[in-house]
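Trainee: Place chain B on chain A using the hints.
Protein chains: 2
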Amino acid sequence: MNSFIYDIPTKVYFGAGQLAHLGEELSNYGKNVLVCYGGGSIKKSGLYDQVIAEIRRAGLTAFELSGIAPNPRVTSVNEGAAICKRERIDVILAVGGGSVIDCAKFVSVAAFYDGDAWDIMEHKYEPTKALPLLDISTISATGSDMDAGGVISNEATQEKIGFSIPGLLQPKVSFLDPTLTYSVSQRQTACGSADILSHIIETYFVPEDGSMFLLDRFKEGLMQTVVRYAPIAMEEPENYEARANLQWAASWAINGFTSALQNVAWTCHPIEHELSAIYDITHGLGLAIITPKWMKYILDEKTVGRFYDYGVHVFGIDGTQAPMDVAKQAIAATERFFYETLGLASTLSAIGIDDQHFALMAKRACGGDVLPGFRPLQQADVEEILRMSL
Amino acid sequence: MNSFIYDIPTKVYFGAGQLAHLGEELSNYGKNVLVCYGGGSIKKSGLYDQVIAEIRRAGLTAFELSGIAPNPRVTSVNEGAAICKRERIDVILAVGGGSVIDCAKFVSVAAFYDGDAWDIMEHKYEPTKALPLLDISTISATGSDMDAGGVISNEATQEKIGFSIPGLLQPKVSFLDPTLTYSVSQRQTACGSADILSHIIETYFVPEDGSMFLLDRFKEGLMQTVVRYAPIAMEEPENYEARANLQWAASWAINGFTSALQNVAWTCHPIEHELSAIYDITHGLGLAIITPKWMKYILDEKTVGRFYDYGVHVFGIDGTQAPMDVAKQAIAATERFFYETLGLASTLSAIGIDDQHFALMAKRACGGDVLPGFRPLQQADVEEILRMSL
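Residue numbers (the numbering used here), protein chains in the order written: chain A, 7 to 396; chain B, 7 to 396.
Each hint should be verified, as a subset may be incorrect.
Same chains, same label: a pair holds when it works inside one copy or across any pair of copies.
[What the hints assert, rightly or not] DSS-like cross-link-like pairs, simulated, lysine-lysine; straight-line CA separation at most 30 Å:
{"id": "1", "residue 1": "LYS302", "residue 2": "LYS369"}
{"id": "2", "residue 1": "LYS49", "residue 2": "LYS91"}
{"id": "3", "residue 1": "LYS135", "residue 2": "LYS178"}
If you are wondering where the hints come from, they were derived from the structure by calculation, not from laboratory data.
Next comes chain A alone, as it looks inside the complex:
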């Protein structure tokens, strides 16, 4: 068991009606607020008007960075950083899903750098300060609202890179109002739930010394929550219980609590990032396609114990059977969840992706060397997993 530092300082207002605290919280950090959002769905829903009204009521001034795309681009980051400098922004408010929050995080550090924000990805500039960031999360998926990381894409280079700066990028305050996720479509609810489940799988499938009993049980509880409530939220979009459980699970799947002690890196996320860097597909969908193939590829006598626990504790599979049988049933249950319950595509070819970039994607996923994880993968392994996903 490794030692670790636990440091998750984000304050969370959870529940319906909590936006009433927005003005008082923003006021703690200054007067000029940069409101970051995406394609305008928050205008349709009325959330935009509510946010602006709260900002005005608190006597603050709102500036805007809009049009942040899913798989957010570094061009948006540069645009946001320029506004911060020009308008002397004191505090950033991200209103939207993970893409908007990720972009805003990156803006919060790029605001103190005069070059291209992509330089930060290439470690030409190491951020040491950030503008305070608050957020209102509108979809249960990436859980960007309590963690220090994000993902930014560069269209010019077809790269999509994750970043994490603990101590600097965690939002100061997050507003999680499950009613704001009522309008998330059935399909986006499915993709978001796949993303949450994948985050937990990445930290659950680790060698035994990479976790602890207490955290394993918590991760199983998180996975049970997703398996139970995702289909309910898809069928009954205004089911508060379902939306609330998914939203809190999304945050805790990735805020750092579950990955404490871990000595291995994630596997499916790096592979998927290469996919969506080239094809711009929804992150959760890519993960749903790849994860079960990865599971099949790494299942062996050494890894079977973890799959056994997963099957018994998450899907309630009869544990009196042989471990390898339980493991295979657990993978089949995962497939049923992704492809039948959530209704997501099960192959890359079903979403129009062929094998032409597999070699490049595999190479990038491995960083030119090896992709560490529960079972470390070479480029050839990743290519095989992609081929299994065709």
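Mentor: Same frame as chain A, now just chain B:
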């Protein structure tokens, strides 16, 4: 499901050897350090010398408040507050168990008040600021290392009162090194484990709208952790896995995460506090005696569902039986855990307590009115539970 504010800012260094970061963390808060500790066990273990060495290495100056008793007294708080004022203390370091940390928390606010610290308990002074508090926890029990509360006794009035000031009293940084709990005796390990389990029971046994699926599963994971590792830690005091799981469970049992959403108060703790206010018994022992009797007293058709989940998910009781049968077996399993596995006394008479103060204790526990909880209790109910505990 209620709305809630989640705010647990404490940074935790978890694991063997993390004390190497003590100097750098203390330095963030100032130069004059008040080291608070108890009866000297940290001198025997060598921890005291290590702490003083780290403080000196960082160029800081150590002052001392020693002799803090189990069930800490307000007299210690007043003494500590006087040192803070006289020596211009910048930061407080509590080294010890829950009693030491609780006392240090109260000192951190009393340092800004010129009267008797007990006035704070009686709301004659409402603290608005506190000296920063860091701690090194040496026993897995109260989990005072991540929460905003504590308990202080007043010998003069035979009162023992809990306090909680969220936003003010959470430690800034906690050091949880499981190896520092190796020297905790078998008996103290038992009492501490009973305390942890009781904290979770207090937040688990609530009406359905007082919790959420995700948190229920987490609480069950916490309870499983205690049930599994307490006996291992008692048999093998230097089992790192057992000590680490108990220590992290102790923090998460009470840091506020599990009680988010709750709309009911604790029951067994207020009753036990009246017991130990008069008899000065170990808190966890008192809880172990009272909790199963309280369970029997409140079990009925309305509450049986919670007991059923508890029995099936924590003790693995066969869920195909009638819920009331499962519930009774769950209470019996709880008794076996407290009285056989942990080896604690099962009755008050076994520890020399008779019924002479029951009426007073019941009255105080109810605050003169009703003790809220899963099932609200009148004074007569509390007296009956105490009588069942004889």
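Trainee: It remains to establish, for every hint, whether it holds in the given structure.
Mentor: Hints versus structure:
Proximity of LYS302 to LYS369 under the C-alpha cut-off of 30 Å is restricted to the intra-copy arrangement: shortest distance 21 Å within a copy versus 62 Å between copies. In the homo-oligomer, the alpha carbons of LYS49 and LYS91 lie at most 30 Å apart inside one protomer (26 Å), although the nearest pairing across protomers, at 55 Å, exceeds that limit. Within a single copy, LYS135 and LYS178 get their C-alpha atoms as close as 14 Å, and across copies as close as 20 Å, so both meet the 30 Å cut-off.
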